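Undergrad: For reference, the chains in residue letters:
Protein chains: 2
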Amino acid sequence: MADAVRHDKTARQLRLLSDALDTGRLGPVRRLVNTLSPAEIGNLLESLPVAKRAIVWGLVDPEDDGEVLVHVGEDVRESLLAEMDEDEIVAAVEDLDIDDLALLAEDLPDTVIEEVLKSMDRENRERLEQVLSYGEDTAGRLMNPDVITVRADVTVDVVLRYLRLRGEIPEHTDHLFVVSRRHQYLGRVAIAALLTHDVSTPINELIDDEQPAIAVDTSSDEVASQFSHHDWISAPVVDGNNILLGRITIDDVVDIIREQGEHQALSAAGLDEDEDLFSPVPRAFRRRVVWLAVNLGTAFLASAVVGQFQGTIDRLVALAVLMPIVAGMGGNAGTQVLALMVRGLALGQVGASNVRPLVWKEVRVALLNGLLIGGVVGLATWAWFHDHELALVIFGAMIINLLSAALAGVLVPLTLKRLRLDPALAGGVVLTTVTDVMGFFSFLGLATLVLLR
Amino acid sequence: MADAVRHDKTARQLRLLSDALDTGRLGPVRRLVNTLSPAEIGNLLESLPVAKRAIVWGLVDPEDDGEVLVHVGEDVRESLLAEMDEDEIVAAVEDLDIDDLALLAEDLPDTVIEEVLKSMDRENRERLEQVLSYGEDTAGRLMNPDVITVRADVTVDVVLRYLRLRGEIPEHTDHLFVVSRRHQYLGRVAIAALLTHDVSTPINELIDDEQPAIAVDTSSDEVASQFSHHDWISAPVVDGNNILLGRITIDDVVDIIREQGEHQALSAAGLDEDEDLFSPVPRAFRRRVVWLAVNLGTAFLASAVVGQFQGTIDRLVALAVLMPIVAGMGGNAGTQVLALMVRGLALGQVGASNVRPLVWKEVRVALLNGLLIGGVVGLATWAWFHDHELALVIFGAMIINLLSAALAGVLVPLTLKRLRLDPALAGGVVLTTVTDVMGFFSFLGLATLVLLR
Chain A
1 MADAVRHDKT
11 ARQLRLLSDA
21 LDTGRLGPVR
31 RLVNTLSPAE
41 IGNLLESLPV
51 AKRAIVWGLV
61 DPEDDGEVLV
71 HVGEDVRESL
81 LAEMDEDEIV
91 AAVEDLDIDD
101 LALLAEDLPD
111 TVIEEVLKSM
121 DRENRERLEQ
131 VLSYGEDTAG
141 RLMNPDVITV
151 RADVTVDVVL
161 RYLRLRGEIP
171 EHTDHLFVVS
181 RRHQYLGRVA
191 IAALLTHDVS
201 TPINELIDDE
211 QPAIAVDTSS
221 DEVASQFSHH
231 DWISAPVVDG
241 NNILLGRITI
251 DDVVDIIREQ
261 GEHQALSAAG
271 LDEDEDLFSP
281 VPRAFRRRVV
291 WLAVNLGTAF
301 LASAVVGQFQ
311 GTIDRLVALA
321 VLMPIVAGMG
331 GNAGTQVLAL
341 MVRGLALGQV
351 GASNVRPLVW
361 KEVRVALLNG
371 LLIGGVVGLA
381 TWAWFHDHEL
391 ALVIFGAMII
401 NLLSAALAGV
411 LVPLTLKRLR
421 LDPALAGGVV
431 LTTVTDVMGF
441 FSFLGLATLV
451 LLR
Chain B
1 MADAVRHDKT
11 ARQLRLLSDA
21 LDTGRLGPVR
31 RLVNTLSPAE
41 IGNLLESLPV
51 AKRAIVWGLV
61 DPEDDGEVLV
71 HVGEDVRESL
81 LAEMDEDEIV
91 AAVEDLDIDD
101 LALLAEDLPD
111 TVIEEVLKSM
121 DRENRERLEQ
131 VLSYGEDTAG
141 RLMNPDVITV
151 RADVTVDVVL
161 RYLRLRGEIP
171 EHTDHLFVVS
181 RRHQYLGRVA
191 IAALLTHDVS
201 TPINELIDDE
211 QPAIAVDTSS
221 DEVASQFSHH
231 DWISAPVVDG
241 NNILLGRITI
251 DDVVDIIREQ
261 GEHQALSAAG
271 LDEDEDLFSP
281 VPRAFRRRVV
291 WLAVNLGTAF
301 LASAVVGQFQ
311 GTIDRLVALA
321 VLMPIVAGMG
331 GNAGTQVLAL
341 MVRGLALGQV
351 GASNVRPLVW
361 KEVRVALLNG
371 LLIGGVVGLA
381 TWAWFHDHEL
391 ALVIFGAMII
401 NLLSAALAGV
411 LVPLTLKRLR
421 LDPALAGGVV
431 LTTVTDVMGF
441 FSFLGLATLV
451 LLR
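Residue numbers (the UniProt record's numbering), protein chains in the order written: chain A, 1 to 453; chain B, 1 to 453.
Pulled out of the complex, with its shape left as it was, chain A reads as follows:
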């Protein structure tokens, strides 16, 4: 009888496993690990510090090794491969599906790839080489050649007998693909239709030719959006001559969608979705420090702006106390606009045709924010420093900076996109540079005009 799945299964597994590891008895650890699916093992390995990870990896059933490697991020994969010798790697990966092999290929040593290619039959070798010939992040890399094709002029009965003879149907096969004599893609037939129609029905009558096939050079982001727009389980991939090359299945698309989400969230902090939670300190340091160095450059820029107004600050030290508020609030407001824009760009919802209404909307929101938040800051300043000119100056600076933040929030990601830079990665740095510089400049500049006149 089937047991119901518990809540927070991963967290529970992690706790159990950590406890078992701490006792030092590896038998129970091995038993625990090998009740899990390869993806669950992968998730667990990602949650473990490097030393424990190596121990658990050694206990995984070698039969699962290949699938586990497919299901972990790039950094963790590297750390796992480092624990294996070449023979083990070859044994682990040689039985994988073509699409999974293609995914791993970049991380495998060349000698291993050669070994694996040698161990394959000619047909599969050619298929793998074909898949590897397409660009990363394209439909060609995601596809698997394991398609079942039928001809349009046979009956359901013939197809059913063919399937029974075949004896095996690839996972996630919800449709068979109908091809011409020259293997051109004509349409698809739902497995469900085979089961519900009379066996004498010709396939011709069951073909769905509404749904176009995916071109082999389509970007993987576009593939993902097509899948979720059409609720597909599998979709055919064709070349420029409409020849059927393979199919993409929903499991790989789910991975892409997950990575897209992680990309948007992590790259705002200058990180990669492949980043290992427990990456070795030197590597983590090298990656992080690059990002910090970029941000340091912009921090010095903002600082230089403040430097121009040392004379003003010297006359009124309250300016130093208040200036972080103007810059910081601009950053917060701009980040909100930026986050919406980055999502909109990822979904293809933002383009030249709707920039103008977007800017107009955000400017109006910023004006309201500026009046209210700027008003509050002005009043607080007046209450704190009893200086109504200073209060007016900060009120004005807040409005100017929130308006700049709104404009930057819309225009920075669009400009980055046009320059073929990643708005999710670079947007935040550029935006906060704008809001810091404008924040300090407007506040200290207005102060110089008003207070030192």
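Be careful, since some hints might not be right.
Said to hold, decoys possible - Think about it this way: if two alpha-carbon atoms lie no more than 30 Å apart in a straight line, the pair counts; the simulated DSSO-like pairs of lysine-lysine are:
| id | chain 1 | residue 1 | chain 2 | residue 2 |
| --- | --- | --- | --- | --- |
| 1 | A | K417 | B | K52 |
| 2 | A | K52 | A | K118 |
| 3 | A | K9 | B | K52 |
To be verified - Computed, partial: chain A to chain B, Cβ under 8 Å:
| id | residue |
| --- | --- |
| 4 | L132 |
| 5 | S133 |
| 6 | G261 |
| 7 | L296 |
| 8 | L322 |
| 9 | L368 |
Keep in mind the hints are simulated off the structure, nothing from the lab. Since we're looking at a predicted model, the values are computed, not measured. C-beta: ideal position from N, C-alpha, C; glycine also.
Given chain A, put chain B in place with the hints provided.
TA: Leaving out everything else, chain B in the frame of chain A:
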């Protein structure tokens, strides 16, 4: 013959549509819109400013209205529902699947729900009421009662004849579910197995009873992680007595995974994944200003810390120039740790059992960052202000603040999670409060000790 899907289809559709709308001739717009799938129409509506959105929405084939409503975010859905009268809404939603109806139910006026319930037959009405009785974001809300069940003691032949008689198989049916006489869940049989085995095979021999069913109160996040760990297309949902209630299909899970990603990215800016790109200005203002007000509170806190050191700044105005660097770099470094932690928490990869190695790793990374970045800042300060004491002070303050940032980056999200607050939403504010306060305090405090002694 099938045409290949083009790149960036959404962006292209948006451009075409905007151009057509601008000409003012609605015929071509209507034709264009009604070649799209409901999800594509939804995506397009989300990309349009409110006035154009209303025009296009009026042109959508009423038959698609219900599905389109399912496929847009909550805010956009509200704006679309506002354009419809009650009869239109009832007509649009009454033919939807139970799970989709349950999804919409929260946004529909009560009178509409009553109308829809009245128009349903008793069985479906009871099913909808059952689904609505489960908590939001649980398996119960996601499930659809459209399951095909079979008994274990029949043969493949009987099942095949039953399916042909039934004449229709619900979408995304890759397995049939085997139940006992009391409708208890026993296991599943792959459709593929029915096609490849001899028709005289008893279902008994084809049952896969390894995979547990999903408990009806499982959280939707947990459902999503189970689906992606096991590459499921559909999965059975059972109650506490293992009675089969319905099934969840991958299309709904894909939506959850997409929302999870958007949630992590948008809530870091205090926004909701349901936020409309073109939400009306007053509404956008109300939502944004709340977030800005929270951030304003923390900004004043940081400002108050600076206020304590006015005397010190008065003696050395360079402190005012440099202090944003210390605070800002702490914020950047801490945000990196926070982003990794939020992802780890979402994936269940972080818990009490691995906090210690995580803290230890991040402290070491922070120390290296502090030595390098702090060193650079110290040298730059020395070159700029020719003051070696000031250079040493900022070097020390950078190290202190980067260490605080690392600790806060790990501990703040864990603490928020323990307090049942959302780390993705609140983490950033709390973290930057820590790094601002610690940044100003360590820099100005050290300066007071060293320079004013």
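Undergrad: Under the constraints set out in the numbered hints, which ones does this structure not fulfil?
TA: As far as the earlier hints go, 2, 3, 4, 5 are violated by this structure, in ascending order.
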